[in-house]
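2 protein chains.
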Amino acid sequence: MSLIDLGIGRPNTRDLPLEELRTASIHVFAREDANILQYGPEAGDQLVRTSLANFLTAQYGTTIAPMHLTMTYGASHALDLILSRYTRPGDTILVEDPTYFFALKIFRGRDLNILPVRMDDHGVDLTDLRLQLHLHSPRLLYTIPTLHNPTGIQLAAERRQSMLELTGQYNCLIVADEVYQLLSDSHSAPPLRSYDAVHVLSVSSFSKILAPGIRLGWIEASEQHQIELLKCGVLHSGGAASPFVSSIVHEMITSGVQRKVLDRLRSFYQRRVDWAAEILRDHLPEEVTFYHPQGGFFLWLQGPEHLDCEQLRPDAVAVGVDYRPGTLFSCRNGFRNCLRICCTYYSENETETAMKILCRLLQASI
Amino acid sequence: MSLIDLGIGRPNTRDLPLEELRTASIHVFAREDANILQYGPEAGDQLVRTSLANFLTAQYGTTIAPMHLTMTYGASHALDLILSRYTRPGDTILVEDPTYFFALKIFRGRDLNILPVRMDDHGVDLTDLRLQLHLHSPRLLYTIPTLHNPTGIQLAAERRQSMLELTGQYNCLIVADEVYQLLSDSHSAPPLRSYDAVHVLSVSSFSKILAPGIRLGWIEASEQHQIELLKCGVLHSGGAASPFVSSIVHEMITSGVQRKVLDRLRSFYQRRVDWAAEILRDHLPEEVTFYHPQGGFFLWLQGPEHLDCEQLRPDAVAVGVDYRPGTLFSCRNGFRNCLRICCTYYSENETETAMKILCRLLQASI
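As they're listed, the protein sequences go chains A and B. Its first residue numbered 1, the first sequence is counted upward by one per residue in this note's numbering. Its first residue numbered 1, the second sequence is counted upward by one per residue in this note's numbering.
Bound conformation, chain A alone (with noise of 0.2 Å):
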């Protein structure tokens, strides 16, 4: 029996969008334009830039304008981008407790004073973030508002408008990463920039909304980010995340099919999310509890306090199931209770068996 490893958060292989990709190719070749071939600016080719503006603008319903995009190869070479001219080694940032465990590797990665904000089922709790901003003057938060991994959890509009007023007092940067933003459903709240345009940069990605394979993401900021954004050595020598595959996405974009795919894919990472819920509902003993999200990849299991997920980890594998433990998501270690799954790599029926699977076990060990 193989191993269906659940702690994987990618999107299925099937449901990546080869044959219109191929299309937009055969489209793009077809131009024999060779500059697609040649370096680019250092904050993207203009064409992507004014095409994902007005893709970006539709779907937030805010204006967003070329010059506040600067194209990266990726959300997390965005961050690391923003890393680089915003922060020095040994300085304070915040993070919401748990956070994505790869964003952790990266602010330690810079030797970062990283120091943990509590969360509760409406994201970050404003009575501790005051307290850390006047404690310790960090130099930025960095925050998933929207379907925050590993939690599914959404921040809400009223604590959005609140949390950018408290972090605004206390010269406080936001790293906003919102590469699930836009596979949240319309009642969802607007994205970070909407309401405040100065003290926020958004980070983001096509791996969500089109495919990971061609690593192409963003930075949204205000003018003046960006120009302290194309300070980056790295942007001057090598100019901009690849004009080739930034002509396909144009393309994509131009053409009507991204946004498509993006509602096919929204709607299919919904559905599989409420599938799964719902297979949790009905198998999870009573003591582990989960957050429902409203779409995107994950579930995030809590059991009770004596229940070590680090613990059970090979007993599952043994049983051919993996998962990422919370203390992986965790700056202080903590969340040891929880654990995380994604339910859109693997087939239904994989995703399915694995789910039971794990629920058996938990069942066992508590």
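Hints listed in this document are in silico derivations from the structure and should not be mistaken for laboratory results. A couple of the hints might just be wrong.
Remember, identical chains collapse to one label, so a pair may be satisfied in a single copy or spanning two.
[Claimed, not checked] Pairs of lysine to aspartate or glutamate, EDC-like flavour, derived with a Cα cap of 20 Å:
#, residue 1, residue 2
1, LYS231, GLU278
2, LYS105, GLU42
3, LYS105, GLU228
Following the hints, position chain B against chain A.
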């Protein structure tokens, strides 16, 4: 009259292999393998690492294995990745004087203490290198051993051996920027890792041998260095440099087209440099000398001590020509009497016109 900027260091756009990449893309999409759109392993797509290893083995004449390669978004990204794992702000590094100006920008962005090592017409001056190693115990030496940028100088074969013995004694890493290695002729010395596979990390790129706009490069280094490089959080989060682009490049290599493109570009650049050198010989004032490289993109002109190429630049722009002044390439603001021109970006006609204007201007300024 529009400006001809001989400072731009790029291939000519029309010479980029658009048709070859179109054909390769068609073959890739025909395989209907959506894995090219998925996240890839941190070190890069295994197929392209294998075909690139075979390609380099054939070109370099020394065996390179896939495990010695990590794919990157070009040579600058490769350099930055190495710095992220091997340096901390304040560390001392050595660079050739002059050196690639955007590399200096990348080093400054990481707050490194940059010290110059003298060069002569055969590369790094070993006496000065020994002195700097002895005095400053630098973390690494950044060198461009083949078709050096900006000078076009080749580090002599016997000096390569001595340089590596010397740096080895002081436990100083070598970061070899070998983006022009494959453009040099068959009489050139082999790449630096042929002399010392342990202390050398080699960065290179498809920008010079295929197309800059695809943004794909690599780091060639020992397995032990690869392990260190792969601790990078951004690679863990986003996976390797574009699996999509890698699949097309893999097709280019295995079909034999990459070799043909390289042969064509290499001889094109060599002819172009010879042609440009002849024009300079005929038109430069005798007080201005230049090095005639065996290929590549650049020519490095050296005037008498009183020539100020920074001061001259507005005059050059006023008469329709630009270049890169020597000071840009120096970490100690040296080479005021030098300048770099690129002879590959514009057409022969434009390049010739601009070079002759520049020669007349230099004549008038001396």
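Against the structure, the hints:
{"no.": "1", "hint": "LYS231 to GLU278", "verdict": "neither (49 Å within a copy, 38 Å between copies)"}
{"no.": "2", "hint": "LYS105 to GLU42", "verdict": "between (26 Å within a copy, 14 Å between copies)"}
{"no.": "3", "hint": "LYS105 to GLU228", "verdict": "between (24 Å within a copy, 14 Å between copies)"}
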